[in-house]
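Engineer: Single-letter residue listing:
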Amino acid sequence: MNAKKIDKIAVGFLYAMAGVIVLILFSLLAFILWRGIPQISWEFLTTPSKSFQTGGGIVIQLFNSFYLLILTMLISTPLSLGAAIYLSEYAKKNLLTDFIRTIIEVLSSLPSVVVGLFGFLVFVLQWGLGFSILSGAMALTLFNLPLLTRTIEDSLRAIPLTQREAGLALGLSRWETVNLVILPAALPGILTGMILAAGRIFGEAAALIYTAGQSAPALDFTNWNPLSISSPLNVMRPA
Amino acid sequence: MSEKVDLETHIIKMKPDASVDLSTKDLHVWYGQNEAIKGVTLEFEENKITSLIGPSGCGKSTYLRSLNRMNDEIQIARVTGEILYHGKDINTPETDVYEMRKNIGMVFQRPNPFSKSIYDNISFALKRHGVKDKNALDEAVETSLKQAALWEQVKDDLHKNALALSGGQQQRLCIARAIALKPDVLLLDEPASALDPISTSQVEDTLLQLKEKYSIIIVTHNMQQASRISDYTAFFYLGNVIEYDETRKVFTRPKIQSTEDYVSGNFG
Ligand SMILES: Nc1ncnc2c1ncn2[C@@H]1O[C@H](COP(=O)(O)OP(=O)(O)O)[C@@H](O)[C@H]1O
Ligand SMILES: [Mg+2]
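Protein chains in written order, with the numbering used here: chain A, 1 to 239; chain B, 240 to 507.
These are computed hints drawn from the structure, not numbers from a lab. Predicted model, so just to flag it, every value in this text is computed and none were measured. Any given hint could turn out to be false.
Short, incomplete list of chain A residues facing chain B, as computed with Cβ under 8 Å [to be verified]:
(1) Met-1
(2) Lys-4
(3) Lys-92
(4) Leu-96
(5) Glu-165
(6) Ala-166
(7) Ala-169
(8) Gly-171
(9) Ser-173
(10) Glu-176
(11) Val-181
(12) Gly-203
(13) Ser-215
(14) Ser-231
(15) Leu-233
Across the chosen pairs, the derived CB separations fall in these ranges [stated by the list, open to error]:
(16) A:Arg-174 <-> B:Leu-323: 56 to 62 Å
(17) B:Asp-396 <-> A:Leu-33: 27 to 33 Å
(18) B:Arg-467 <-> A:Pro-78: 20 to 26 Å
All residues carry an ideal CB built from backbone N, CA and C; glycine is no exception.
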């Protein structure tokens, strides 16, 4: 066989493999859409689920997902932003900062079940927060921090050094340069990072089973007192 | 050409009646163990253009950047010796570098405007330094753009993003941005090396006009540029200044062999 023929066979083989994968994914997607779309209705999205009988909706689950997402982002964005600014703009290059970076790297590859169990031991049991939205949000923060810090740090580093020099040479302090020159320039990258992070948080389940609980209590959407157990805003209720 | 460094050097002192804005005494700069500037003593006369020339890697940028303490930002850099600004040593920990950099402005090799409007590029640092009045800001933007010979081209478009300007316009915007702070010394590191010939000559014209008000120190690798625009020229070689004199003397009757080799082009 000559090289050309082997090449053709190899290409054909690769096409076939790619085709199989695409076919599997497509048929799964098609199945979900075909069975799922007819079930989605305004009523399904806006009514609570019912136990022991068919029917009911997912409004509580939906609300809880968004609530967890918002709380998690509220906790993790300032922390990540601060850490990323420190790492990219202030940290000197030495053993300590290399060590910090390695730790962040390691944390970002923790399986979410491990994060969930950690949250269960520390937030739920030791800190006595119980199965609650707050425990869940803190576990998700833990899960989210390393990657969010990394992406923000990367977007800051992507701004050329010459921009920092320009700011400093105009007599701005480093803090002013970071705040008024570097951050605005890096904002699109930071936002992208936050949106990707939000996607990850939204789809996270394992870390929540051990921290936010497995069943949501009935919520009263007219009760906006955050201290009441049936209020959707209460962060101490399970979800 | 001679590979050896001339042991003798030729460095003029300013005439006693000359007014000196900035000078250095025995300035050394180290990057870690590597000594990039090996004791440079120079005086720069007010309202003159001084060129720093020399083969690449000889320390011109390093020297220039130490004049407004930009080397502070490089972790491994260490600067010793005196930098006298109006007779006062600014190479001390007590110096307010932010205030000092307002007075000693800097323009870099690559134009580095902020990704903001033309107006904001100039007004932004002024605001940080306490100019709040809208009229004063408008005025400063207009004057500095006029001084940088950019006003006519951008006056109808002041709110356009600065990155939409051409390279030469961006560089003149960077000059305008620096002089808006009313410095008295302007440092430029090969400001025209990334520009085409037309933009280059526009920047040169700008500098010639600016020297009425500012003392200008410019690094250039372009011999014609140095001889066209500068009053004094310092020849750097391997971290030392070998020759420093009036530009026409350096270019026509250099006292040192290496200088002659370099300015006549049979060198590195
Ligand atoms: N940031 C830096 N870190 C370490 N060494 C540097 C740095 N900048 C310049 N140097 C070294 O200092 C010497 C002088 O460089 P430079 O001042 O850039 O020369 P020039 O501007 O004359 O080409 C060179 O040997 C260069 O490698
Ligand atoms: Mg240089």
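Engineer: Confirm or reject each hint.
Structural biologist: Outcome of the hint check:
no.: 1; hint: Met-1; in the structure: violated, 55 Å
no.: 2; hint: Lys-4; in the structure: violated, 48 Å
no.: 3; hint: Lys-92; in the structure: holds, 6 Å
no.: 4; hint: Leu-96; in the structure: violated, 14 Å
no.: 5; hint: Glu-165; in the structure: holds, 6 Å
no.: 6; hint: Ala-166; in the structure: holds, 4 Å
no.: 7; hint: Ala-169; in the structure: holds, 4 Å
no.: 8; hint: Gly-171; in the structure: holds, 4 Å
no.: 9; hint: Ser-173; in the structure: holds, 6 Å
no.: 10; hint: Glu-176; in the structure: holds, 6 Å
no.: 11; hint: Val-181; in the structure: holds, 6 Å
no.: 12; hint: Gly-203; in the structure: violated, 34 Å
no.: 13; hint: Ser-215; in the structure: violated, 50 Å
no.: 14; hint: Ser-231; in the structure: violated, 45 Å
no.: 15; hint: Leu-233; in the structure: violated, 40 Å
no.: 16; hint: A:Arg-174 <-> B:Leu-323: 56 to 62 Å; in the structure: violated, 26 Å
no.: 17; hint: B:Asp-396 <-> A:Leu-33: 27 to 33 Å; in the structure: violated, 50 Å
no.: 18; hint: B:Arg-467 <-> A:Pro-78: 20 to 26 Å; in the structure: violated, 54 Å
Violation of the numbered hints given earlier is confined to hints 1, 2, 4, 12, 13, 14, 15, 16, 17 and 18; the remaining hints are satisfied by the structure.
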